[in-house]
Amino acid sequence: MTPLHGIGSRQDLPLPFSYVLIGAALALALSFVVLLVAWRRPRFVGISGVALPGLSRMLTSRPVTTLARGMVLAVYAWAALALVAGQDVLTNPVFGFVYVWMWVGLVPLSMLLGPFWRATNPLRTLHRGLCRLARIDPNDGLLTLPPTVGVWPAAVGIGAFGWLELVQPDNTALDVLRLWVVGWVVVLIVGAVIFGDRWIGAADPFEAYASCVARLSPWRWTGDELLRAANPLANLTGWSPPVGASGVVAALLGVTAYDSFAAGSWWIARVQASSLPATVWGTAGLIAMILIVWATFAAAAAAMHRDRRDLDQPLADFPRLLAASVVPIVVGYAIAHYATLLIVEGQRTAISWSDPLGRGWNVFGSAGLEVNGAVFDHPTAIAVMQLTAIVVGHLVGIVAAHEQALTLVRPDAALRAQVPMLVVMLGYTTAGLLLLFAP
Amino acid sequence: MTPPGSTSTPSAAPSSPSSSSPVSPSASPADDALTLTITLTGNQVSPNAERFDVRRGQTVVLNVTSDHPDEIHAHTAGDGFTLAVQPGKRATGRFVASDAGSFEVESHESGKVIAILNVR
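Which chain is which? The protein sequence lines are A and B, in order. The end of the first sequence is residue 439 by our numbering, with every number in the run present. The end of the second sequence is residue 120 by our numbering, with every number in the run present.
Hints listed in this document are in silico derivations from the structure and should not be mistaken for laboratory results. Heads up, none of these hints are tricks.
Restraint ranges, calculated between C-beta atoms of paired labels, are given here:
1) B:T39 x A:L81: 39 to 47 Å
2) B:D79 x A:R178: 23 to 31 Å
3) A:G223 x B:D79: 50 to 58 Å
4) A:R306 x B:T37: 56 to 64 Å
Think of the CB as a built atom: it goes at the ideal place given N, C-alpha and C, for glycine as much as any other residue.
Chain B with its partners taken away, still in its complex shape (with noise of 0.2 Å):
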């Protein structure tokens, strides 16, 4: 496990996976999507390392906002999932939990594990 608060080389996650466009926050969310609420500040995250069960199939919803740039990797069996983000501008992206397994969204920037995604 890369032990929290580490900076490893992050995933090698293209950037633009074809579930990755951002949408924008207007737009309605899946009926049973899972949104995530996230704030980072400075190199703290909220959620901080918080679990959520998620079926396989679930759409999960990622709204963001940030004091600084950076970047959300969210883990999937796949190539992941990631998300630019600017200060003081709300980013929303949204991908679609396919596969079991427990999966976790980070800041790339703090190395911070923000929630810890268990597909069923």
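Excised from the complex, chain A in its bound form (with noise of 0.2 Å):
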């Protein structure tokens, strides 16, 4: 994707068709051996990892947590002159940060780091000094947070800033930008102040995101205080995912999905030719590839429902916690379609952070800089990364759903009742491969 129109302007090359065959044979063939040859007793159970006190203790000492907050949030004030002072150009950085840094650089940086993204979020940050000044508990609001709403908030901001980055016409001006971040902040931060700081991890969608992809990294955090280093399949199946965690991966797996199809020749050339405004049909589009996403998934997990091992466990807990093993799919899907840009424009972006507001600064040293273009100098070497990628999150996705499904089914049921999640997983792993071969 580009939405860095202008700039991100060169591509991915289509996956060669014979890609998408392999990647949809391995995809089978691997769930087959799963399903069949993997283990029949649930694996994880338990916490697992070597716990590692001194470095917990390290970690949430006072300094360490307040110098991480205090550098994040310098970096987000940054990224805040371009926007407030800079200039309306695609040189200003703070596109980049947005589309790019924030929104694809994400992934990385919560897979290396776990937890990172929510211990040092900014709008906590922010909310955090706020309530020092009021004097008042961040934890405590003026209302409670029904325990329903879970993170559901979060997944419709994910299907928002899906909206932004592919259907809001002008997405790169300045103006749009700011509309949009300004409704960021305030929604969350006023949710804060009504219902504690819990608002912040229901509402904010790059939280709610990092947070999933958190999952797949090798640190587990225990009760908030002590960290583990696990096995990242153990940190995933080991999660409870909160409530409206199907939205959250639906969203994030239908965004994606859209920004591949809309990309691609077939979807283009019909919007073009119609006579409604390509906001409409990309608004449609949008919201539909979420739906199916969402709708098959929930299908698949009430199949599994139905020879669930505790009778009296509801049909909801089901997508609830299944949601954890769509994660790893998810983190396929945007490294396929996003390592290229996050190499390319994180650069471009890094080069004008030097360069806030256009006036020929170089605060950075980076403004000299020139972007290293050459990984699309070998388009094999991509597209055996997109597949690997696609292929690698599919694997360890049905690996993470029959770890769950033995603890959730009845024992005779094991392997029948995994079929349909299977077979949905299959789905999204060949879409996903058909859609990158499309554009």
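Take the two lone chains, each set in its own frame, and fit them into one complex as the hints suggest.
Laid out in structure tokens, this is it:
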């Protein structure tokens, strides 16, 4: 994707069709192998991993948290300077900051550093500062957020960010981005004042996304105090996702899928020939894509629920818990679709980062550097990387789903009950490959 | 991706990179050039978001007629290629697709995608 119309104008070549076939065949074969050969009893139950009390104490100590939060806040303040006082040109770093560094960069950041985003979320820092001034506890709000709300607001927020990125006309005009950023800050901070800081976890699309991806990292916090180094697969399957997690993963997968789909000549040609405005098609297409993902996923989860081990377990638990196993597919999609964008446009943002106001500054010494676009000179390597990301995402996803099914489903139905979810995941993977083939 | 039909801020492409000098229609195109015959009518474009395979180093020739003043933007790995078009007058321009990748050719006025060049 290139939200940065004009500067992100070089895109990945379509995936060769032979790669689509190889990828789909691999995904199918791996699915059967996992179903038939993998362990038959839950393997990752209980807390695993190596406890790291020393590192935990250091990372949760006052100076370290204050320093980390302060540094992240300073980065956002710099971007805010470009947003408020910068020029309305594509070399303003705020565009790359939002669409590339934040939205795409949060994936590798969270895979490497775990829940770093949540720990240093500038909105939380801002809210904490306000609460300190007012001498109130950040946890306390005026009202209590009902538990059924979960992270559904964040799912809506992810859809809204997708709309900004993919449908909003002039999304690289400064006025437009300012309006969205103000909306984001106001909704999150006012909500946090009303409901306490729990609202930020419930409604911030970036934190919700980052928190999902953090479960694929080797870092696992127990009780917010003790850090363990753990097998990422155990980290993922040991996660009890919040209410609404199925909405979050459906929105993430749907947004990325729509991004690919809407870049294809088939869709562009039809939209351009239509008398309806492109915004109408874009909105409908984006919503449809998210709903397709959510409905297929919910249906597969409901099918598994029929063979539940615990007869009292409510239906809603299944899509919530199984959402964890869609996270690797989301991450695989994100890497396949956005890796070159992050590499190339990420560099461009780093270069303009030195000069937020367009006055010829070179604050960080990066202004004179040139973008190295050599990655595009290796289309075969890019295609192999995309194929690998999608297939590995699929493999990790089905292994996680298998592990979860073993804990959720009656032992005698353990294999049969997994089939609908396996088919749906295979559908996501094949669709992901086909979408990469189509543009 | 910029959505189809969007009118985002256009590329900061300088309007006259060295390869952009318009050539007269009678000039014979390079032997293996890809020639796109483009027609702009109102806010419709032809071809309409069509895909073309291009070899690295191949010359792309744009032959454009339009019923309104417009500008064609061909994205490239560098600064891009821009061709101004006047109504009723055929404009011709050429550039070399020197870098691999997928690039859009679009009309500035309508913001619509004319062609997608897959350069390998």
